[in-house]
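Engineer: Top to bottom, those sequences are chains H and L.
Last residue of the first sequence: 365 (the UniProt record's numbering), numbering continuous.
Last residue of the second sequence: 365 (the UniProt record's numbering), numbering continuous.
Heads up, a few of these hints could be off.
Any copy, or any two copies together, can satisfy a pair, since identical chains are not distinguished.
[Claimed, not checked] Taking lysine-lysine pairs in the DSSO-like style, the calculated list, with each CA pair at most 30 Å apart, reads:
no., residue 1, residue 2
1, Lys256, Lys24
2, Lys20, Lys350
3, Lys350, Lys34
4, Lys190, Lys259
5, Lys115, Lys231
Keep in mind the hints are simulated off the structure, nothing from the lab.
2 protein chains.
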Amino acid sequence: MGLILRNVFNFSAGPAGLPKAAMKQAQAEFVNWKNLGLSVMEISHRSRFFLQVAEEAEQDLRDLLNIPSDYEILFCQGGARAQFSAVPLNLLGNSKQATYIDAGYWAKSAAKEAKKYCDIDIFKAKIKKGGKNSVILAKEWKIDSNSAYVHFCPNETIDGIEINDLPQTDKPIVADMSSTILSREIDVSKYGVIYAGAQKNIGPAGICVTIVRNDLLELSNSLLPSILNYKVLAEKKSMFNTPPTFAWYLSGLVFKWLKKQGGVKAIEQINREKASILYNYIDESKFYENNVHVENRSIMNVPFQLAKPELNIKFLMQASESGLMELKGHRSVGGMRASIYNSMPIEGVKALVGFMCEFEKKYLT
Amino acid sequence: MGLILRNVFNFSAGPAGLPKAAMKQAQAEFVNWKNLGLSVMEISHRSRFFLQVAEEAEQDLRDLLNIPSDYEILFCQGGARAQFSAVPLNLLGNSKQATYIDAGYWAKSAAKEAKKYCDIDIFKAKIKKGGKNSVILAKEWKIDSNSAYVHFCPNETIDGIEINDLPQTDKPIVADMSSTILSREIDVSKYGVIYAGAQKNIGPAGICVTIVRNDLLELSNSLLPSILNYKVLAEKKSMFNTPPTFAWYLSGLVFKWLKKQGGVKAIEQINREKASILYNYIDESKFYENNVHVENRSIMNVPFQLAKPELNIKFLMQASESGLMELKGHRSVGGMRASIYNSMPIEGVKALVGFMCEFEKKYLT
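Please model the entire structure based on the sequences and the hints provided.
Structural biologist: Take a look at the structure:
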């Protein structure tokens with residue numbers, strides 16, 4: 001086995017870096033878990049050993065997000081993309097319409113999938129403000145009264161846009177929180193459904209957390225595929241089919257790590273500090289630019305462009321040589337993107353800024 | 001970390017034991033894969049590093065099963081249960097009916113889910129033969145000419161029943177091979193669709209391999225949830241959404257391990273030898289019984305009953321103390337079940353027979 005002679009910081013947008021402590025524990029007990037002589041992934045999901053893992057993970061997540069007791073927590077498969085279908089299939093009831101707030105790539109993708117099942121009332125919330133990308137305040141979103149629910153994506157991973165307020169509506173609010181869950185405090189009781197692919201702040205790819213207000217389970221239609229049926233999943237405690245046990249276990253380790261850091265309130269402070277270090281540097285620099293208005297800048301995903309795009313490949317190569325990994329922007333946007341999820345330590349952001357500063361000096365003139 | 005002072009053999013029906021060599025490699029490179037300083041689960045599924053993993057896994061599986069080039073290999077989520085919906089949703093086309101061969105729990109479960117989407121022509125294939133559970137020969141299965149396809153489950157994990165022949169039909173044959181894939185040679189070209197949850201002979205729970213004949217992709221309906229749409233998954237090379245990268249990678253290691261063992265032909269011989277050691281001992285004993293006719297005995301799942309069911313708990317406890325784990329039968333059947341998938345070495349079966357023999361001596365009288 002090779003030694004790591006350098007510190008590596010992983011800015012991947014997802015599957016993203018996971019907390020080192022959780023990964024080390026998972027590695028140490030990988031083939032001999034609880035001294036059983038087996039891996040956690042080699043036992044029945046219905047064994048008492050695994051049931052304890054499952055229950056603790058659920059309780060820890062409930063504690064971390066203060067999830068009220070009238071909400072079910074489902075550990076699903078198929079990622080957030082499966083939820084793009086599951087949401088309308090579960091929530092429409094007798095209604096034929098839903099409102100989708102469009103503020104970026106993922107919100108649009110969710111609306112496109114939902115369109116198979118109902119009319120979509122789209123509210124275009126993305127605007128320019130002072131020449132920068134911005135989002136209309138949620139209190140001004142127009143939500144058609146015929147809609148069964150309103151869907152939005154509070155953090156657009158690709159665009160680096162974050163929405164910080166909630167609409168005033170009596171419709172269930174549904175949020176794709178894949179890249180924002182656990183990064184900042186939220187009031188779960190304001191939502192009907194929250195879902196989040198794990199591969200950013202929860203655990204490895206292959207599991208998706210869905211939090212559903214109990215009363216909404218009654219809307220589910222028995223004709224929809226069971227694997228997407230919230231009521232079935234709730235009744236079977238997310239074990240309607242064999243769940244992705246290792247991903248569930250590893251997510252549980254991440255929840256325990258987060259509790260140790262002081263929980264969501266504490267990590268939010270660190271996340272805000274990390275984000276401001278990076279945005280402050282970008283704003284002061286003439287070499288880098290972020291095109292999101294300050295009110296809607298994501299604290300998780302920081303896209304930025306180089307003044308000289310012809311240097312993009314050089315930037316990525318030299319960054320990677322310095323142990324700053326996976327900084328390439330999404331192919332639809334180009335440029336760079338630093339994803340600074342919970343597991344990214346403040347040192348990682350400082351190292352990135354240090355590198356950006358040197359790179360700027362070298363190539364500005 | 002505790003030392004393992006004994007050899008443990010894992011008879012779990014699934015999630016099942018994985019090959020030790022694959023597990024050890026995964027552990028060794030768990031936090032520093034390819035000397036990147038990152039885990040394979042911490043990088044983008046679209047990075048060249050992961051794409052190589054994905055492509056190699058697909059090619060290795062193609063080699064192992066001799067999958068013809070006009071078949072797509074899809075790495076899906078949601079387990080075989082998701083395929084219970086996906087199969088009718090993808091294959092019905094304009095047809096309104098499918099034939100399901102019922103020979104056990106899983107075949108019945110597949111039919112129940114499909115019934116949401118079409119009429120089900122059920123052929124009850126389970127019979128008694130010499131007082132034992134058996135299955136009508138496939139050439140005698142009646143398949144209604146209005147059916148879009150015929151579905152069966154060649155190995156019933158719970159009942160310990162295996163079907164060794166194929167129906168003569170011009171309809172696409174669809175097989176749930178979750179607990180038989182890679183255990184014995186098959187002729188893929190005879191099937192329309194083969195699917196298999198990974199957690200027996202492929203890898204960890206959370207991934208499901210679906211092998212689809214190309215021409216059937218054209219039947220898929222754009223209204224079905226994209227995550228279940230074979231055509232979408234094929235076009236996106238199983239990356240329509242973020243795939244379960246770690247499960248995919250680990251499955252790839254298992255494929256490489258199997259190639260090293262000599263492939264499916266070689267492992268089939270070992271599997272048959274393992275099964276016959278166990279069945280022979282059970283048949284000779286007056287203390288244990290297997291209730292499946294010799295023609296349909298599974299080489300993967302061997303359920304057996306004790307002559308004195310009141311000793312079940314004692315048997316399980318003492319077995320576990322001897323390092324023979326997860327022998328409890330499915331709750332719907334009771335008794336014991338030894339699952340002896342590819343990763344179970346012949347020594348494990350011999351150790352089990354040795355223990356059964358001692359237990360019999362102790363408690364027979």
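Engineer: Against the earlier hints, flag every one the structure doesn't satisfy and list their numbers going up.
Structural biologist: none
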